[in-house]
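Asker: One-letter residues, chain by chain:
Number of protein chains: 2
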Amino acid sequence: MDTKYDVVAIGNAIVDILADADDSFIAEEGMTKGSMQLMFSPEQADALYAKMKAGQEVSGGSAANTVAGVAALGGRAGFIGQVADDQLGQVFAHDIKATGVDYTTVTRAGEPSTARCLILVTPDGQRTMNTFLGASQFLPASALDEDMIRASKILYLEGYLWDPEEPRAAMKRAIEVAKDAGRWVAFTLSDVFCIERHGDDFRRMVDDGTIDILFANEKELLALCQTDDLEAALVRAHKEVGVLVVTRSEQGALAMYNDIRFDVPARAVDVVDTTGAGDLFAAGVLYGITNNVPLDRSMHIGAVCAAEIISHVGARPRADLKALIAEKIPA
Amino acid sequence: MDTKYDVVAIGNAIVDILADADDSFIAEEGMTKGSMQLMFSPEQADALYAKMKAGQEVSGGSAANTVAGVAALGGRAGFIGQVADDQLGQVFAHDIKATGVDYTTVTRAGEPSTARCLILVTPDGQRTMNTFLGASQFLPASALDEDMIRASKILYLEGYLWDPEEPRAAMKRAIEVAKDAGRWVAFTLSDVFCIERHGDDFRRMVDDGTIDILFANEKELLALCQTDDLEAALVRAHKEVGVLVVTRSEQGALAMYNDIRFDVPARAVDVVDTTGAGDLFAAGVLYGITNNVPLDRSMHIGAVCAAEIISHVGARPRADLKALIAEKIPA
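In the order they appear, the protein sequences are chains A and B. Position in the first sequence counted from 1, then plus 706, gives you this note's numbering. Position in the second sequence counted from 1, then plus 706, gives you this note's numbering.
Hints listed in this document are in silico derivations from the structure and should not be mistaken for laboratory results. Each hint should be verified, as a subset may be incorrect.
As the list claims (entries may be wrong) - Calculated lysine to aspartate or glutamate pairs in the EDC-like style (CA-CA distance at most 20 Å, straight line):
#1 Lys759(B) - Asp726(A)
#2 Lys803(B) - Asp808(A)
#3 Lys759(A) - Asp808(B)
#4 Lys759(A) - Asp1026(B)
#5 Lys878(A) - Asp918(A)
#6 Lys803(B) - Glu749(A)
#7 Lys803(A) - Asp808(B)
#8 Lys757(B) - Asp1026(A)
#9 Lys803(B) - Asp728(A)
#10 Lys1028(A) - Asp728(B)
#11 Lys885(A) - Asp851(A)
#12 Lys757(B) - Asp918(A)
#13 Lys803(A) - Asp726(B)
#14 Lys757(A) - Asp808(B)
#15 Lys803(A) - Asp1026(B)
#16 Lys803(B) - Asp918(A)
#17 Lys1028(A) - Asp1026(B)
#18 Lys759(B) - Asp808(A)
#19 Lys1028(B) - Asp726(A)
#20 Lys945(A) - Asp1026(B)
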């Protein structure tokens, strides 16, 4: 069957609100630097927002950032995610469509509002995320555009979606649809705390062959495999997973494919804001895999995309990624 | 009487939506590059937004940017401007308060929504602005915090407010309040097209002593004085205006005070986005004037603030302006 898309992602549809913060603020608020924590009420979100410095709003969401990257690289991408009928929902929809991603999910009327992620950027460029899931947690299985999923080489899902109940059920349905159509399922573990909450589910999907391509950073992989031995974790996670991709911050990234390991170094860059580094690395790899690019080159494409993202504030690419790839890693 | 504030500004309360655009797009849309044009309906705003690239949202508004700069420099500032009871209104209120500016204007229920300015940033860093004034055009005189105006050394107004009827009336009332309290009135001409629309009003205020401190860029000053001779315009505008400040892009800026001319060069900087350069120059000068800083040094402070703003996207300062001044122009 013909495929209209390279990658269709399902993810939280979030607008990021980024502001600078000192390390002391992160400590006082009892946050774990570099992690994502959920805020369960709008009041909690408002209270934190009131304490934050003046910020800037940029569309975000992990899987949404990834498909925006795929589209920026010239890939064909779609996105499924729930926003509310409000201004931030309009911003999210505008921005993802403006990057060339097909986005057809119908907005949800009434409360809660569109998801927002309050991101505190510390002087070292690390981001500490506080997410109010809002409308995003009410993505029902009925909102899935199943034709879009069937028409895509890869269905890409984020671990974050396992937190709220409705999207978790929707994900399971989406996986069925993709598998029935003979498509690959790619998955990102998202966050260490997310693995603490849903590790059993994730391990089952890794072991039973549900996940064809797995993305994780090193900490997440170790948490998933319940070990502190990277080599053991690679063997464990790669067993039923076709392609395993592990990002390692300034140590670069590695991939396992057919028991062969590929390592790529990180690209030198002045770190401004690490938000979206993993998302854009995944974009490069997914673009490559779906466009007949060898895996080692796909990893280099991911590294260039990640370097672009962390050189500025916000998790969506600003530079022309196609031109950047041609310049940095000529074919 | 004691003054609680150095500067209280009245201005449009706007959230900027900034996106990159090619020169060809500006031409196709029939826009005048570097200018501000008004959009009179939400439909017009939505139609342009739909054609724009993915953007980022940052609080803006000319006079609001200026008081945010005054506060960032350590000055005491207040702001008066109308937002709606919506998400962009919350963003605006949060951001101006987070910079340390007092902001007490009550939100306005119902339609229209909070003002937004669709800003197209061309590769040369110039910004072409398309403003939907929304709630901002309904600032009534009754919304003025007159105690705040009386308690400020300087009342700062933007020419843009002369476009909509209610704020124009509110400005006239605000000027009365300030004058009765023996305060100075500072005014920015805002935009050449704005002068085309309201030049008679502006000339009257320049000639009858209403305006104590006048800010303009070179083009605006020439338009106001209906001449193309800068020297003649300086003499003409300075007659009844105590301090005349003229910004001249890469040629720096000049001030006239007691018939003496002060020139300052522009600071070398990589131009990313010129949005807010004039606003922040005014911030430096107003901060200086209200804090016993000599006028020539105040102008240098303005130049450093303007250079900071144009080195990044968005019209609110990101760097620590106090530290920057101490580093760049030690006392």
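Asker: Checking against the hints above, which ones are violated?
Answerer: Violated: hints 1, 2, 7, 12, 15, 16, 17, 20.
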